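Undergrad: Chains as they are written, first to last, in full-length UniProt numbering: chain A, 1 to 337; chain B, 1 to 337; chain C, 1 to 337; chain D, 1 to 337.
I should point out that these hints are in silico values taken from the structure, not numbers from a laboratory.
Keep in mind that this is a model prediction, so the values were computed, not measured.
Heads up, a few of these hints could be off.
Non-contacting residues of chain B with respect to chain D, defined by C-beta distances greater than 12 Å in every case (computed) [as the list claims (entries may be wrong)]:
| no. | residue |
| --- | --- |
| 1 | Val-59 |
| 2 | Ala-226 |
| 3 | Glu-305 |
No farther apart than 25 Å at their CA atoms in a straight line, the calculated lysine to any residue pairs in the SDA-like style are these [claimed, not checked]:
| no. | chain 1 | residue 1 | chain 2 | residue 2 |
| --- | --- | --- | --- | --- |
| 4 | C | Lys-84 | C | Lys-151 |
| 5 | D | Lys-327 | D | Gly-291 |
| 6 | A | Lys-336 | C | Lys-327 |
| 7 | D | Lys-6 | C | Val-276 |
| 8 | A | Lys-215 | B | Pro-132 |
A virtual CB, placed ideally from N, CA and C, is assigned to each residue, including glycine.
Protein chains: 4
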Amino acid sequence: MIIVLKPKASKTEADEILSKIEAKGLKPLYMPGSERTVIGALGDERLLGELHLESHPSVERVDPILAPYKAVSREMHPEDSIVKVGSLEIGGSGFAVIAGPCAVESYEQMSTTAKAVAAAGAHGLRGGAFKPRTSPYSFQGLGLEGLKILKQVREETGLPVITEVVEVADVEAVEEYADAFQVGARNMQNFRLLTALGQAKKPVFLKRGMAATIKDVLMSAEYIAAEGNNKIILCERGIRTFETGTRNTLDLSAVCQFKQLSHLPVMIDPSHGTGVRDYVAPMAYAAAAAGADGILVEVHVDPKEALSDGAQSLYPEQFAELMKQMKPFAEAAGRKL
Amino acid sequence: MIIVLKPKASKTEADEILSKIEAKGLKPLYMPGSERTVIGALGDERLLGELHLESHPSVERVDPILAPYKAVSREMHPEDSIVKVGSLEIGGSGFAVIAGPCAVESYEQMSTTAKAVAAAGAHGLRGGAFKPRTSPYSFQGLGLEGLKILKQVREETGLPVITEVVEVADVEAVEEYADAFQVGARNMQNFRLLTALGQAKKPVFLKRGMAATIKDVLMSAEYIAAEGNNKIILCERGIRTFETGTRNTLDLSAVCQFKQLSHLPVMIDPSHGTGVRDYVAPMAYAAAAAGADGILVEVHVDPKEALSDGAQSLYPEQFAELMKQMKPFAEAAGRKL
Amino acid sequence: MIIVLKPKASKTEADEILSKIEAKGLKPLYMPGSERTVIGALGDERLLGELHLESHPSVERVDPILAPYKAVSREMHPEDSIVKVGSLEIGGSGFAVIAGPCAVESYEQMSTTAKAVAAAGAHGLRGGAFKPRTSPYSFQGLGLEGLKILKQVREETGLPVITEVVEVADVEAVEEYADAFQVGARNMQNFRLLTALGQAKKPVFLKRGMAATIKDVLMSAEYIAAEGNNKIILCERGIRTFETGTRNTLDLSAVCQFKQLSHLPVMIDPSHGTGVRDYVAPMAYAAAAAGADGILVEVHVDPKEALSDGAQSLYPEQFAELMKQMKPFAEAAGRKL
Amino acid sequence: MIIVLKPKASKTEADEILSKIEAKGLKPLYMPGSERTVIGALGDERLLGELHLESHPSVERVDPILAPYKAVSREMHPEDSIVKVGSLEIGGSGFAVIAGPCAVESYEQMSTTAKAVAAAGAHGLRGGAFKPRTSPYSFQGLGLEGLKILKQVREETGLPVITEVVEVADVEAVEEYADAFQVGARNMQNFRLLTALGQAKKPVFLKRGMAATIKDVLMSAEYIAAEGNNKIILCERGIRTFETGTRNTLDLSAVCQFKQLSHLPVMIDPSHGTGVRDYVAPMAYAAAAAGADGILVEVHVDPKEALSDGAQSLYPEQFAELMKQMKPFAEAAGRKL
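Using the sequences plus the hints, can you model the full thing?
TA: Dropping the structure here:
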């Protein structure tokens, strides 16, 4: 850890900080300069967090050298992790495609969509029973009834099922009916929910928040891992920027960053990432080329009648075409589709 | 509502949409142009949400004319609302100052800080018992024990107490011990929590999310109001931008925007809004000048030893100076301090 | 054009606006609603710009229906444009790779790098003679001397040369020595420079500004085209967001957006787009998969000694590997490399 | 300067960097850690820029300790600078108000507006003769004719005149007719223009670019100062964020940041900063409260007919009211209006 003192900090103040560092068992380094005094601390700098040196009135800034996350870091676990969702492996030699509607609307809608995406080659099924919606007057999801539909459709198609959980009280029910939890962008820093999922057994798709840095996402993943659940899949789904031509700005460099910093698998959601039906397929191919482990795609039997996110949902025949076109891109990236 | 069709949309497709609008009881308007056909819908356009016209393959875009929120809108309630937190009125002729530490750390810390801010003229006390922290390894708050300390200190000082609630399961306990709920930036779109608070009796400080537009904040307020709780105070606390010289970018124009669109009182948090101790006072004066109804400020008896947010916490004597300097600014804005 | 009036706008004010629209030769439409009056204007709404209706005190907002650019729009020119840079076609069936150092530093550096990228299969050479640098104390480029080096290296390798122009006064010299102009992100809205380039004969690479929307870029391209130069190549190079793990956030959806709205070719700069050497290749593959017409890549014979942008420059052998790996991605996207 | 090496960097690589630092005449410091090796360099780290250590393949990152600007820094010049624009002092005990239309449209428009703002108490006059406009089809300004009008109106009213310069070739003419140059947001990193202004004699209002950090602005100011012109006024005018309710997000904390890091005077432009007429006055008061040295405000005799920026221009009577209301805010901030 590097501590830069303010221009007018005295030697006494520097000594106070040096002795605090020493008291924590780290080796302090004193580096007086012509304009600023800099102090270094060698050793496990996580211990220094308890000193709150950034609050000290003589400290200009504190630059940590090490990442604040451990369990999810590449350094602690140099090999890529593979996470199993039902029978589907994510993070290995395959490229995982999980498709389905934004929301579970009815048994018929889910069943028809699931059969269509399965026929086109999807490996997993998505669909929300609990929907976080910006407006209190929008459709909020079918709840438990939706979970039951998902389970029934999984039995019919054999596709493992991923569904969102928005509240600690629902964790148990979702775990009973689905194969994996999804934490949506709006709940990425709902730390109670993350802690509860860390105590669950099933894998967690953790979506990046709209204003979350790569490091923020890894810190949220660390919440889950710290409780003992290492089955985490990171998911980029677009961040909020000034550009209004797309719903969000899909940050595909997130794949590179997550892969460098962490051992966890990384998926891309080109549907929320763009919000525009025509951009979903090109961004899905780009995700594969960038080295992602798979994609989450919204597909609806009849997007015109979808109760949510219809504008970004693919028609089943568009999804079938995407799967066909995806093959050479996935293979060029060294993946089997 | 204005519906712009894609360049190649046919007359048949336009007719399909026109008849859907009519079926909802609105008056449709057909406006064919040289390059685009535009369709208007006159009447309560909220009914049109059910048609999901943005999902229609011939629709380029849908521009609503009316705001999607009602209960919190200025149009529904032209006069400014006044919300009472304990005996403190927010939104009237006074300028409310609520001060205290980021987190409740101990009875001594709260009690000393509370007495200091009361002596300097603060009207309310803040302090977190449940702390949402980016890292799982940081201090997470004292929980119920913290709530009890807050209650005790309120009894000693007479200051009404505001504290954060992060989870539906805690709503009851917080309501028992505190005078108002705070919803933090990270939970601004935790819709289950908002719904639960809409069913509570005590007022809610709703903080703007880091990536939330003004309209997003009003939609979240609408969640609370739709359940029957109109005691809502909006709070700007900085948004996330590319600037790294401050922790967040404090958007003081939010005061103007909220006041124009809504009748709810608006407060500013210059502590989180900047993250820098030296910037808190100037931004507090600017908040008063911009027309805010008050401020939330972090003050700690010993910021150097604070368990969280020490770098942005004022020393008690800095807070006393702020209160003194604030007076003419509040008065210039037509407020009593 | 749709004009939404303020809630309290009177019939007289609406009539005033309606008659102004009529006076411009457009067909006005009056749509009184329960909460707002809306006015439509059918016809060439570009004429309405002269009315400045957004400035009218009774107008809440003005929503244009048509895009404000014409010459560069897909509607005016439905087929993809192909732009020739020397003998290199950009925008056709090939995938164009233009490589080279950030800055021209010496004849030796340019010549060695050019031969290396040519041997690896690059189609064009990049290198800056005029460098816009954030600090006045950084290397500012060799100027005219750099242009001469570029010309000499072009003759040796046969690679067409692209170089940045930063000032109207330099347009003539750059046109004499290079095959194409580059307008950098910082000059994307230097309208005088754009106008001068519109009067030049050689093609222009127009880079997206750090805070420019897709529409802003197209308006800047329109400046060039309006003067008669249609040889424009749009270039996404990353936008500024809150993320600090990369130098910029590369917005690959820009390819989809530009291609939908415009007929101009689109290239991607993964070097500036990420600022991190290790992320350049994956983002280059993703660009091809997303449908881009080519890439601009920074390659330096000795990045460790580069006078600018060394951290994002590839070593020649990394570039050769990129070219090899790129082939199947370009082919999957229907392009020859 | 602190250099963090990559996890796998060898002792040999560290030694190579240590000897490079020593060769530059700085004192190197070797700090091996359990997970990373850190290298420090004590002395004038600006010399290290020439080593381009961030390009070294074994270097993870380089953290400078000192600011990269000198001439404009507070450390080099601890007292506040006062800049004179004609007879108007900016940065001293007064609060400077510079008002006028966005663009010079005609002698009548300028003369009437100038007399109105002078009568209301403005200290300077603004108005653009050269207008950078997003669309090539918008009014581009009167050019030289506009400069002549400005000079004539200055003679009539005695108000010093500030006007924008967009191109090196115009610097001489603008200097002849006006009292100060304005560099607009889009040209903030037009380094050639900055250099030319550094060689001019009259003061420069430097507006913050839409995507410029505080440090970027100071680096641009350094370009001007490095050439010998220290008469620089920094101007915050809003940055681009995701919020669409205002044209830009006015970052009033910029006042605090600029004042802390630099000795230059700071003004605020609440007109471009919000883009909404009704928000201009509250943001102007907030600017005074935050400690700004003055404001730049758009006022037009007839905003409804303004050729540009009418939606954010004040009516003369609104400006007169602003001046009246401003007085107690300026005085509370210790300024005479």
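Undergrad: The structure should be examined with respect to each hint, and the outcome stated for every one.
TA: Verification of the supplied hints:
1. Val-59: holds, 21 Å
2. Ala-226: Holds, since 22 Å exceeds 12 Å.
3. Glu-305: Holds, because the least Cβ-Cβ distance between B:Glu-305 and chain D comes to about 25 Å, which exceeds 12 Å.
4. C:Lys-84 <-> C:Lys-151: Roughly 18 Å between the alpha carbons, so the hint for C:Lys-84 and C:Lys-151 holds.
5. D:Lys-327 <-> D:Gly-291: holds, 14 Å
6. A:Lys-336 <-> C:Lys-327: holds, 18 Å
7. D:Lys-6 <-> C:Val-276: This hinted pair holds, its Cα atoms lying about 14 Å apart.
8. A:Lys-215 <-> B:Pro-132: OK: A:Lys-215 and B:Pro-132 at ~16 Å, within 25 Å.
The structure shown violates none of the earlier numbered hints.
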